[in-house]
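Peer 1: Here is what each chain is made of, one letter per residue.
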Amino acid sequence: MIRLFNENRYERDAVSTPPNEGEIVSSLASVANRLPRISNEVQASGADLEARGVHAWFGSRHVLADVNLSFPAGRVTALIGPSGCGKSTFLRTLNRMHEFVPSAAMAGEVLLDGVDIYKQGTDVTKIRLKIGMVFQKPNPFPSMTIGENVLSGLKLAQIKRSNKEDLMEECLTRAGLWNEVKDRLNSHGGSLSGGQQQRLCIARALAVAPEVLLMDEPCSSLDPGSTLRIEETIRQLSQSVIVVIVTHNMQQAARVSDYTGFFLTEGGPGRLIEYAPTREIFSRPKDERTEAYVTGRFG
Amino acid sequence: MANGSLLDEQAPPLPREITTQPRFSDRVFRLVITAGGFTSLLVLGLIAAFLAYRGLEVFRTFGYHFITNYKWDGGNPDAGVKPSLGIGAMLIGTIVISLVALAIALPVSVGASLFLTYYVPNFLRKPLTILVDLMAAIPSVVYGLWGFFVLMPHAVYWAKLLHKYLGWIPVFDVPLPIFERSPFIAGLVLAVMIIPIITAISREVFTQVPLDRVQAAYALGATRWSMIRAVVLPFGSSGIAGGAMLGLGRAMGETVAVYLVLNLAYKANFHILFSSGGSIASMIVNKFGEASPFELKGLMAAGLVLFAITLLVNYLANLIVRRTARTGR
Ligand SMILES: Nc1ncnc2c1ncn2[C@@H]1O[C@H](COP(=O)(O)OP(=O)(O)OP(=O)(O)O)[C@@H](O)[C@H]1O
Ligand SMILES: [Mg+2]
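Chains as they are written, first to last, in the numbering used here: chain V, 1 to 299; chain S, 1 to 329.
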């Protein structure tokens, strides 16, 4: 009896004892290493996105300082960092959603294919058409059917297109939702589960053929199965679309991204602390604050 | 475990009675609001009872003819002429002018509230909102006088234009070219009067549109107008319908303004541009002064009919609101 008890105890300890930091880092790195690296070989679409000296304010509060990042074609970039460090704010400056907050201001440039999207006389609806966004909370249009939701971008941006059926199927397939909804395309968007709704939102974002897809914690409300499916989708998308994903899940960052940017605020505005290939961020980060964060010592 | 076993079989327990002991403050509050709720019901009921009681004799005399008959003749007891009372024309007239008012006020109000919510520059939003709300505070007799002296000359011109270009549509046709004091002009005045309430309700609904849907639309490259069509209007449709019905109810009950503007005639007239119309409420005002005792009872009965219709409209409003609320959101 006693021996048995001890054995159990031993096993339990083995599970619950936190492995030391080095182990986590190397396990994340090994996840990152196992993924196919496509960014180096494929330079699929010609588009590229670059943030130059981006600052952001809410009222007089400076929340983001001097972010320089470039997102070349065919690359998935993960943005990580503790809560409140300005990741979402940065993401929203990239497709001009930031300016919907009445007191919001920004400085710097965001170049899409070399052209500043904040340049005077820019048609902001065209910008958002090229730079799509998936939000943290699934937000399908409940007054539309599933099919209409997928095609809603065309209607909203007044794009004419033939063979809409094909497009609908293609987008739903790419978002990993087609098999689940192909028999009920006419039911309401709100009738899906949370994970299905999120994939519907991804399909909707894909339907307008964006060059860039910004994703703000797209899997935070999803089960592991839906999460994996969305990660697969992201990997596939990366061949034709620039993907920028904000995530709190280190494993996810390691699994889907080619490059990772680490944001941090130390009292003042949030800053980009380190930007490097994902493998390096997780195996041998240069900044000790990055190391502390990815090993779970703070944040 | 097994329910099948005879030995285990036991009567299920009786559901427990669940009670809560409300606090003293809660009980006082409940008493106050219950009293308030019942008072309004009581007042409503008493009004209906009073009208029914006073009008009973008339209903008994004429039956449903009271509603279908177009003529209102007080009779002449000395000459042996029996009275013949009917509000058919007035009933139709009420519906006609209210619908005209709604048809004009609804698009204007929805447009105004969209403008106030999504388009107006920030520094103008507050003053303009207050201005629209203030429109509701103007006494209806002022609207009536304004309608008669200021609006009428212009409205007659618009009516002539409508008749000239759309006269082939029956409602815009006229039997005689007399355009003053028509249901159209009364409807215009009423429209101005109900715009504030419909605008206020629509605006309230528009401010409740979920922000994540609005952002979803913009993130897909929507223009402001396409966002409004895809997100705001579907979300707000039930609220707008409710506001419209409230406005309709207000328009049906409006008295003095219509009395001053409209040319009351005891004929059913569907030509809205023609100078002849009806309205139960303004007929009551019109007849009240010189009515015989029996006619007075008829007016009470007319009031009861108007009351019932207004209740019906409000009930329909509720129905629409609930139905669209289920599907629209
Ligand atoms: N609408 C707003 N108005 C005012 N301040 C805001 C607004 N949105 C965000 N902020 C502030 O800006 C800072 C950055 O917020 P942001 O949402 O970008 O953080 P985040 O990195 O996305 O955090 P999380 O991981 O929790 O989503 C925070 O301090 C936040 O309080
Ligand atoms: Mg965020």
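For the record, the hints were derived by calculation from the structure and aren't laboratory data. Errors might be hidden in some of the hints.
[To be verified] Okay, the calculated bits of chain S under chain V, using three or more residues with CB under 8 angstroms as the criterion: (1) 214-221; (2) 228-234.
[As the list claims (entries may be wrong)] One side of the interface only, derived from the structure: several residues of chain V facing chain S at Cβ under 10 angstroms: (3) Phe58; (4) Pro102; (5) Met106; (6) Tyr118; (7) Thr125; (8) Leu185; (9) Ala207.
[Said to hold, decoys possible] In silico negatives: residues of chain V with every beta carbon more than 10 angstroms from chain S: (10) Ala105; (11) Gly132; (12) Ser152; (13) Lys160; (14) Lys164; (15) Glu169; (16) Pro269.
These numbers were taken from a predicted model, which means no experiment stands behind them. Every residue, glycine too, gets a C-beta built ideally from N, C-alpha and C.
Peer 1: Indicate, hint by hint, whether the structure satisfies it.
Peer 2: Quick rundown of the hints versus the structure:
no., hint, in the structure
1, 214-221, "holds (count 7)"
2, 228-234, "holds (count 3)"
3, Phe58, "16 angstroms, violated"
4, Pro102, "8 angstroms, holds"
5, Met106, "17 angstroms, violated"
6, Tyr118, "16 angstroms, violated"
7, Thr125, "5 angstroms, holds"
8, Leu185, "18 angstroms, violated"
9, Ala207, "9 angstroms, holds"
10, Ala105, "15 angstroms, holds"
11, Gly132, "7 angstroms, violated"
12, Ser152, "6 angstroms, violated"
13, Lys160, "14 angstroms, holds"
14, Lys164, "15 angstroms, holds"
15, Glu169, "19 angstroms, holds"
16, Pro269, "23 angstroms, holds"
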